[in-house]
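Taken in order, these protein sequences are the chains called A, B, C and D. Numbering of the first sequence is given in this note's numbering, commencing with residue 1 and proceeding in unit increments. Numbering of the second sequence is given in this note's numbering, commencing with residue 1001 and proceeding in unit increments. Numbering of the third sequence is given in this note's numbering, commencing with residue 2001 and proceeding in unit increments. Numbering of the fourth sequence is given in this note's numbering, commencing with residue 3001 and proceeding in unit increments.
Rather than coming from a laboratory, the hints here were simulated on the basis of the structure. Misleading hints may appear alongside valid ones.
Said to hold, decoys possible - Below are the DSS-like pairs computed for lysine-lysine, each with C-alpha atoms no more than 30 Å apart in a straight line: (1) Lys342(A) with Lys3389(D); (2) Lys3389(D) with Lys2467(C); (3) Lys1342(B) with Lys2389(C); (4) Lys2467(C) with Lys73(A).
4 protein chains.
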Amino acid sequence: MYRSRPKGNLEPESLNFMSSLQVDNEIASYDILGTQAHVIMLYEKNLLRLEILKKILCELQILRRNPKQLEMKGCEDIHEALETHLVKKLGIEVGGRIQTGRSRNDQVILDVRMKARDEINSISSKIIILIERILRKAEENLDSVMPLYTHLQQAQIGNLAHYFLAYSEQLFRDLERLSFAYTGINKSPLGSGPVGGSTIPIDRKRTALLLGFEGLITNSIDATSSRDAILELMSTLSILMVTLSRIAEDIIIWSTQEFGYVEIADNFASTSSAMPHKKNPDPLELVRSKTALVAGNLLTAITILKGLPSGYSRDLQDLKVVFLNSLSVVSSSLGISDAIIKSLMIHKRRMKQTVLDSYASSIDIAEQLVMKKGLAFRTAHRLSGSLVKLAISKKMVPLSSLSKHELEPIIVETSSHLKVEELLKILAEVTPEKSVLLRSSEGSPNPVQQKLAIKLLKVRAQKYSDKLAKRRKHLNYALDSLENVVSSYTKM
Amino acid sequence: MYRSRPKGNLEPESLNFMSSLQVDNEIASYDILGTQAHVIMLYEKNLLRLEILKKILCELQILRRNPKQLEMKGCEDIHEALETHLVKKLGIEVGGRIQTGRSRNDQVILDVRMKARDEINSISSKIIILIERILRKAEENLDSVMPLYTHLQQAQIGNLAHYFLAYSEQLFRDLERLSFAYTGINKSPLGSGPVGGSTIPIDRKRTALLLGFEGLITNSIDATSSRDAILELMSTLSILMVTLSRIAEDIIIWSTQEFGYVEIADNFASTSSAMPHKKNPDPLELVRSKTALVAGNLLTAITILKGLPSGYSRDLQDLKVVFLNSLSVVSSSLGISDAIIKSLMIHKRRMKQTVLDSYASSIDIAEQLVMKKGLAFRTAHRLSGSLVKLAISKKMVPLSSLSKHELEPIIVETSSHLKVEELLKILAEVTPEKSVLLRSSEGSPNPVQQKLAIKLLKVRAQKYSDKLAKRRKHLNYALDSLENVVSSYTKM
Amino acid sequence: MYRSRPKGNLEPESLNFMSSLQVDNEIASYDILGTQAHVIMLYEKNLLRLEILKKILCELQILRRNPKQLEMKGCEDIHEALETHLVKKLGIEVGGRIQTGRSRNDQVILDVRMKARDEINSISSKIIILIERILRKAEENLDSVMPLYTHLQQAQIGNLAHYFLAYSEQLFRDLERLSFAYTGINKSPLGSGPVGGSTIPIDRKRTALLLGFEGLITNSIDATSSRDAILELMSTLSILMVTLSRIAEDIIIWSTQEFGYVEIADNFASTSSAMPHKKNPDPLELVRSKTALVAGNLLTAITILKGLPSGYSRDLQDLKVVFLNSLSVVSSSLGISDAIIKSLMIHKRRMKQTVLDSYASSIDIAEQLVMKKGLAFRTAHRLSGSLVKLAISKKMVPLSSLSKHELEPIIVETSSHLKVEELLKILAEVTPEKSVLLRSSEGSPNPVQQKLAIKLLKVRAQKYSDKLAKRRKHLNYALDSLENVVSSYTKM
Amino acid sequence: MYRSRPKGNLEPESLNFMSSLQVDNEIASYDILGTQAHVIMLYEKNLLRLEILKKILCELQILRRNPKQLEMKGCEDIHEALETHLVKKLGIEVGGRIQTGRSRNDQVILDVRMKARDEINSISSKIIILIERILRKAEENLDSVMPLYTHLQQAQIGNLAHYFLAYSEQLFRDLERLSFAYTGINKSPLGSGPVGGSTIPIDRKRTALLLGFEGLITNSIDATSSRDAILELMSTLSILMVTLSRIAEDIIIWSTQEFGYVEIADNFASTSSAMPHKKNPDPLELVRSKTALVAGNLLTAITILKGLPSGYSRDLQDLKVVFLNSLSVVSSSLGISDAIIKSLMIHKRRMKQTVLDSYASSIDIAEQLVMKKGLAFRTAHRLSGSLVKLAISKKMVPLSSLSKHELEPIIVETSSHLKVEELLKILAEVTPEKSVLLRSSEGSPNPVQQKLAIKLLKVRAQKYSDKLAKRRKHLNYALDSLENVVSSYTKM
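Just chain A, same shape as in the assembly (with noise of 0.2 Å):
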């Protein structure tokens, strides 16, 4: 269609090679909206007769509704098959004029935002619908006493609930994240020529304003070769992977036999062609592994952009397929994992038991030494930690049933003023299980404290709804109006 220079046609095998049509039909129908809204621009700038226009829009509001008759064969991308498909059925003297003004560079990226625009939206959606579903199990779970672990080891004691929170919070802003690449996203490149603009008198802000951007790329060098902002909605598309990953290892881990705090939905599981007892946390594996499929597409996104100078390269044609990819890996990783996340079992039985044995709660009787008895910080974690040396050289006895004769000698080793009841009612006071109650800092696992930050967090998911809410309408507004201007210019 193009070739007005090169002589020929491309061999097949350097056409097939070039080609994007395998990930462009995910752009197909953006492509058709930005070239009505560019045929309605160059008319209204006198540009384009009205016959002319009336015909381009009726083919394209057939080819919005039966995409399928877009023959693809023999073009390098849907901009060209596009344009092939309207010189086709309408003549080189209609159809030939869509490009006016307009290059496949611009077009592409224009495309490509508008795509964005909505995947941030959906994702966005995806994401309050998580954090909703964590809040609610949060709630569920402020009694289900557990340990915290750092190192994977058993740290100090918690709940479930605390981990929730946590989730929560960082999706929360994986979703700020998102709420933030959306307006660098939210803009016009259309008009920007293949490089350095138009001699022809085009109306950019009309075509932006019909799409719904709210502004433009300016600069045409800019608009048509830059990609900062797709490749700041890839990291923060890994980054929110991240989140869903550390969210799967931690539940892999706990759906262990080992630890066995909960359990994945049969539903959910898959199983062993060879083992009849196995029951596998797989689609959580796949989200870690998916996550770093989205990590090693933004390294491509970005050593592809890396090596180029300013203007349109072909590779950047690389960097659209595999943003598109990480848009839909991200979009059903997010699915799976509130799935997984709503039908999981919780033991808390098994929990609970787990912190009857456990000495996570060391750094509590130390602080209380602090609290109470006015050690030094350093001293008091000295002597907690030279009572579990010994409960665990005795077979893992609990703290509390350490004997006076047995706590004598620790008390003077680290040369405290405590007397040793004094040491024994601490003990007997802070167990395992009153370790939560005790906690008072802000943002601690403290029930009552948790109760609170649900309360709000749940207020500030609200909040985003509305927001999102009104970006989505923002955009169903803009893009009914040019159906609306499509209609009334083909009905004229």
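Place chains B, C and D on chain A using the hints.
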């Protein structure tokens, strides 16, 4: 210092492998400030006696002024070194109290966040300087007509200013991303304990205020083990480096003898140990490679975090290492980029000559045929392409030198109703030199529009500069206040 | 099919998320072959009756010839689909026996290894073709004198052949690495069970022999969960792509109007939808971006594997996905690179002119001063550099045009005992054109040496070709033998 | 030193940005050796007078013994520093001759290759030590029966030795890859000049021999600008780190209180500043994060190289930086892994108890039903799965405790012709404890086979050890000979 339960000391090999002291000097000053704020809060909450507070504050002030007094050997990290120092100097009854209600897990991320916000401000300041430099260069090069490139091939006629304007737009977005990242970074994790908070009634809002933070990372698991804010910042730095790398790539290409558009100042160019005539753009090449470094660091960080369950793990130490490395690399890359652009020599004559020899106005000819003669763009494209094909076959003559006799068959071939005289007139009018002046779309390299853009971008630079100044002022105010509080307590 | 313990079926959402069927068609034929070998061994070990063997083999032969009969829907992967098909066709008493002593965990890596060794052979073959093409191009371009570049600056005088020879050396190393990787890949994991082998007395050596493997991956944990051989191959592919990317980068730069050394054939070049004069090296740009893709895939694979404990995890499924993607991308990139180099046009005259205008013989002058006049190299370097500086200041005159009068102060300045006539003589002799002929070190672009190199490299290519043919013959022999065994049993 | 053409000195900022001195101390000794070999060759080819040779050699010997005499300040790199030092000490007429027929471009990659081959040998030696350690641990743990895991779920019964044997197999492959990489590394690039060789009649084979290389990188473009051998080695190191990381991950998981299979020795474990009871496997966590580091370095290196045309560019300097970093990280990670495994405590009783409580023998039961009762495996799988489902529902009773009454409906359900007594007998026989002894496939954890494997692997370790010793001997011989040549010339 902390080995209450494990027997004996760490093997030197193990200590050496685990130590983060090599990089901890970059966060030492923040550890001291954080400790000051923490003990002040402990005192104010009646968790520390005044005389103890005074001793600790005094010793910390000494260290702030003379950081070399801090002996690091034998310690795993700065936090252990600091407590060890204080215990050694002031006794365990005093120094042994600074970790009351605090853990290395909230402490290290506190330090990293304080470091990060200072670095964001410093880097932002360097970006603003670079933008202002580039805008000045743009102003000086509105008349530096040159081809704009796509696929590294001459594409449309433009000017050097258009590249500079594109760079500044990109850098503004980098600035915006840093500004957004700042908001995420500038929240206090202090008071989260190791993972589950503390039973000590600490006041997290107070320490946050003393240290200039705007809000808390509330949930204690989240505060100690999330690093999404760091990943976000590292992504932002990677994207910024990609911007710089593409600028570097442009200048490296333009600096070749073959392009010859620009020349790096001698005092920034390297030469060869072997080839006396060489003048190489080495610093720009290093900006490119350092982009790969910063991207590699990002990948390292993502890979580290992706592999972890919730809760602090020592893996995060290496995340800190690559993060600090990226901050430092970005900072120096910005400095060198600015210095090189500042002293860059522009060979306007060479640019002009290249434009005159170029066929990059072929799109302008096609567009004029559309506008003036009503041709469909695709028809005009073919016609213009045929002209170029012919001109190339005639040993690269200018299009305007093609004769009536030569043009006629081309007009026939493209079956347009064009008269040959009309075509001749357009070819005479639409020369490469006039190309830029014909450009009319918003964001194109028409100097009238560029002047407007420069004006707007300067205002924007000022706005960011003010915003940054305000951000710094807020921080300085907080830290000055902390200094005052320290003073007043030590003098009590 | 396998859900003996978990209740009910998988949720469709979960099945969809977990399914690997989209890529499994690439390994389906290997799964059938592997199953044939496995059941033959079972029969030979008296673990299967002949009539059952015959039924299974017959049905598998049908599938081999008509793979579309294999219904994939509702299955997680090819292995489940295959057993489901056989059970459906032959009943559970027949089809339900194929997994005796076998698991999906050893089966999938068997398939992947069989696929990998075929692809290594196919890719190796393409590399040899490319090398032979490049060597032919080298022969044709021994007289294509051009500057060699460092830092993208003209460095020394050389010729185009020298680049081609460098490419062929690099490709030979890529070939060697593939050959080494082949040895690691071509070992059988079959018979390792899910992770700990089987109590069924299977004969692992027999299936390995039937499938053409040279040896076993013995340890069953290792065999089912290691993927280092895949990482190794993916690294090797990444390095190969870097070779291709650098070749592409060279040609892209040389194809600019400014360099003008080479030109891609029209039927491999893309043009612009907007700019009629454009002829872009798009396929080469895509070779560059696909290098980033293959590197991104490597990173994904490393990140996936790095996060796993020993033993199969579902994460490995996505490792398979990116691995298969890399194999396919590398294969097509080699094909296109070969086609482009084959049809590349060389502009020898332009190269020659550039050489004549170049100062890249300055090192030759310095070296001649060392050899003929005994100057220390550093002194000669300074003198030669001063000549260049002077010539540049005289608007880029050739060094040989500098006058006695101009040379004298430079000689004095570098305090050498050189007579000006001697210098004049050297400048007259050591012209850019003669530069290459003066070159004497091994591996330099002196055509005498290059001819020798081409001869040796051709022999080397033949040697690799023979080696590859032998490797393929071995595989074909094994698979033909398997076919014969299948035939003989089915006819029993 | 080299600035013959560019005016004035480098800006300090630029020098600082470009300097590689921070890492060059790691290659300084090789630069000296390379220079010695080079000047000896120059003398032998009559390109240097004896007295000059002697002076240079003497001064270089002094530097070798006292490297701190080498002043680095003001220089870009070690090569410039070395020449500057010699010129300062011996005058330009002597020191100014060392770069005759040599360039920094061939020099730096010479140094890097010499460093790399020494490091390969050192790392290989550490791997062999680790393998031997692991084999000894395997021998000691043939009776440490424990579950083998897939998806982190109990899969089959095995023993700890089986993991150790898997590790050793993997490490052997790492060793093989290093050995292969060594061959690629150990070739001399010296004598390639900056990119196109030299007109000086140097003898490249002679310097290669003096420095212990086996052959040349012949082509001068290739020799100076290829880095595939480095990428290959960095990939190999990444894969090795993945091996170590997965070992670390296993041990970290087994070290949890919940698994409780192993325990790290106190002198390798870290504790908490806050939680006195903590004993954390920090060094293993750092092995994991350093794996990410080494992978990030690989990506940096690929990204750097991918962006370059042929010919040396300064970007390669940063490739050197990350390469040297990876070498050092890998070396220390191997050391610490060995030390930790050496002192690892094994809790056999805990393992045994877990096995007794496990359903991981369900596959053995299914297989026995196949072998002894002729059931189709899929039928047996279903039956065994139903048994497990029932046992779990009975609060996790052992399979052998299921009653005749309970088994009957399951037999009916799976419609097998099995008699319930037969099933009861199999359940009584195939207990978790006996599981391993029933295993018969090659490479399974049957101790009889494991003992054989250990024997073979020990022989293999010895073979590698011998091979490595030979490689080192060859190098030492060459360097001793060089030392002798230096001595004999300096005494002439």
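Verification of the hints:
Distance check on the hinted pair: Lys342(A) and Lys3389(D) sit about 23 Å apart at the alpha-carbon level, within 30 Å; holds. At roughly 55 Å between alpha-carbon atoms, Lys3389(D) and Lys2467(C) are farther apart than 30 Å, so this suggested pair is violated. Taking the CA atoms of Lys1342(B) and Lys2389(C), the gap is near 23 Å; set against the 30 Å cutoff, the hint holds. Annotation: proposed proximity of Lys2467(C) to Lys73(A) is violated, straight-line Cα distance about 40 Å (limit 30 Å).
In this structure, the earlier hints numbered 2 and 4 are contradicted, and the remaining ones agree with it.
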